[in-house]
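Novice: Residue numbers (my numbering), protein chains in the order written: chain A, 1 to 367; chain B, 1 to 367.
It is worth saying that the hints were derived from the structure and are not from the lab. Nothing here was measured: the structure is a model prediction, and the numbers come from that model. Just so you know, nobody snuck in bad clues.
Identical copies go unnamed one by one, so any copy, or any two together, can satisfy a pair.
Cross-link-like lysine to aspartate or glutamate pairs, in silico, EDC-like; alpha carbons within 20 Å at most:
(1) 85 with 151
(2) 85 with 149
(3) 99 with 242
(4) 258 with 97
(5) 332 with 97
(6) 178 with 263
(7) 154 with 93
(8) 223 with 16
(9) 258 with 93
(10) 198 with 338
(11) 39 with 93
(12) 154 with 97
(13) 197 with 297
(14) 99 with 236
(15) 330 with 66
(16) 330 with 97
2 protein chains.
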Amino acid sequence: MSERLAVHENHTVIYEIVIEEDFKNLKSELNKLNVSKRKLCIVTETTVGAIYAEEIKKILEECAKEVFVFTFEAGEKNKNLYTIKDLYTFLIENHFDRKDMLVALGGGVTGDMTGYCAATYLRGIDFIQIPTTLLAQVDSSVGGKTGVDFDGYKNMVGAFYQPKLVYIATNTLKTLTKREFLSGMGEVIKYGIIKDKKFFYYLQKQADNIKNYEKQALSYIIKVSCDTKRKVVENDFKEQGERALLNFGHTLGHAIEKYLYTDMLHGECVSVGMVGAAFLSWRKGYLSEYDRNEIIDLLKLYELPVSENRICIENVLAATGSDKKMEGGKIKFIVTDEIGHSFVDQSVSLSEMKAALYDIAENQTKI
Amino acid sequence: MSERLAVHENHTVIYEIVIEEDFKNLKSELNKLNVSKRKLCIVTETTVGAIYAEEIKKILEECAKEVFVFTFEAGEKNKNLYTIKDLYTFLIENHFDRKDMLVALGGGVTGDMTGYCAATYLRGIDFIQIPTTLLAQVDSSVGGKTGVDFDGYKNMVGAFYQPKLVYIATNTLKTLTKREFLSGMGEVIKYGIIKDKKFFYYLQKQADNIKNYEKQALSYIIKVSCDTKRKVVENDFKEQGERALLNFGHTLGHAIEKYLYTDMLHGECVSVGMVGAAFLSWRKGYLSEYDRNEIIDLLKLYELPVSENRICIENVLAATGSDKKMEGGKIKFIVTDEIGHSFVDQSVSLSEMKAALYDIAENQTKI
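Using the sequences plus the hints, can you model the full thing?
Specialist: What follows is the structure, encoded as structure tokens:
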């Protein structure tokens, strides 16, 4: 059940996303990248590294010149320039040059940091991604966003930089906690809402299979998610237009995450944010109440939160205002007028956002 | 005597280099970039800032939404991630977003750092360059190389990132020391040697005018230098092939600079490195003794060093070996077989390089 997708830039294939059940075909994919004379450095964190680093290192050693492993302490709090500096130093000490390559092994934090290091070490060296969380597989596999947090600001420092290969083994999802897996489903559901009605209802019908890690279903939802993101990103590499749609649920979601990141996972915040965005879409007369309820029900089906009363409305509102999506003072809010279709709305006012936050905080149960 | 050059990527104009005598036309150039709703941050260092920051700030304020000045302490020793972090913090504190822009005002250090900050702040914001040294005008204006030193290694951390405009005012050259100006001539002469025989002899004939800052001559040599670099870079944006020619004189020059950077300027090291490269080109039978002497004589005419006996041959040799131009173990040495033509030679051995260093250190006077 191997699946593959080609990602393009200016109509040229720049890399492939390979979706497999396990790591059996990693070696043959690597050989296509002519790694025999190159040094590779696996970049991973303590949790994922403990499970997969040895296995991956063995596979890499069968095809590369030399393989190193750089492990940092797991956690978003280490996604910063200090870890990047440690990695630069590690690469210098091991004489990595422009022809060598990094291998990101882990979730979004690992992928973002490895990509950023690859983008900036010697003005750019190659890297590949082996994402091991659902969130990383369906989100950071495509789009070339790399970066680190700075001074408490998420992804303040970064670059657009593309990998040479993304290799996804769906088996790795079984080593996630159930909660982490379901958090990733938040982003998967997002793709259905913003672009693909058929997919939305597939997720509704196949919920049991997906939640039981049925391999064909997993492979399919990852493929569709990556493909949807691919199409959006290919039309808008530098995030000037259509790519904004991917922020559906993220304007409020990020703001909530800023305050509740110790208690909530990213996909959970996005879930709550999507409930808010659905409320706003309904309130502004774009979305039917029926579709709004369908969205909420699907999130519930995947055990994702659809309300959150621990937030201070004023704080969260202020956080959306300082969000990077504010451009020239106007917020680009993503709304939906029908499941499977979304658009940018620059007419959303602060008071409407406030109403959405009240909905999230209090009124949710009324639906 | 305004001159302008368009720099292309994939056959599309990405920015222009405007060469003027002074800053009179800066405002109209900025207006073309739609800066009226954007914040600008002038990035400069203590020496250049003291001379030009106020003048430039005034001009910018006439067209931009708001103008800030970030000043760091002059000197290559501050070209590091600490200064970059200070600049990130300054931008965050002043609420710079993706639509805002940086203005590099100064020499190569300022340009490299400002470009690197622009490349990585919020995954990339616009920047323009106002280079005030001859070296920065003829070298870093073209090519998109940005970066900082790390852990004692030059430009170890960086990115390829293009400005939106390069505005050169030749008047600024008069505020350089004569030695700094002549150091820049090292790179100018390099363009003649590697690509343009006619230009080489122009530099020979016009030496007096150039050394007296005659404005038409200055404007012309900057234009030809930028244009030569432009053509090379456009053929090879990511430094895979032809761009290596720009390293003529730099393999040995950088290695010498590593040890003598406190005493010698970059262009002076390159001058000595070019003498070594000319020796090697002659020794390998590519270059005539006549042309070799022509090269040495032109460097002398611009009061540039053509020998250097303070170097430890073994140290410098080791430094060339660890140079980034080593790829897969083979050094890509740039040689010339005739003034105006150069090529990559991968057959240069360590003992031949050693001979070149002996020539630089001892035998130079024999010619």
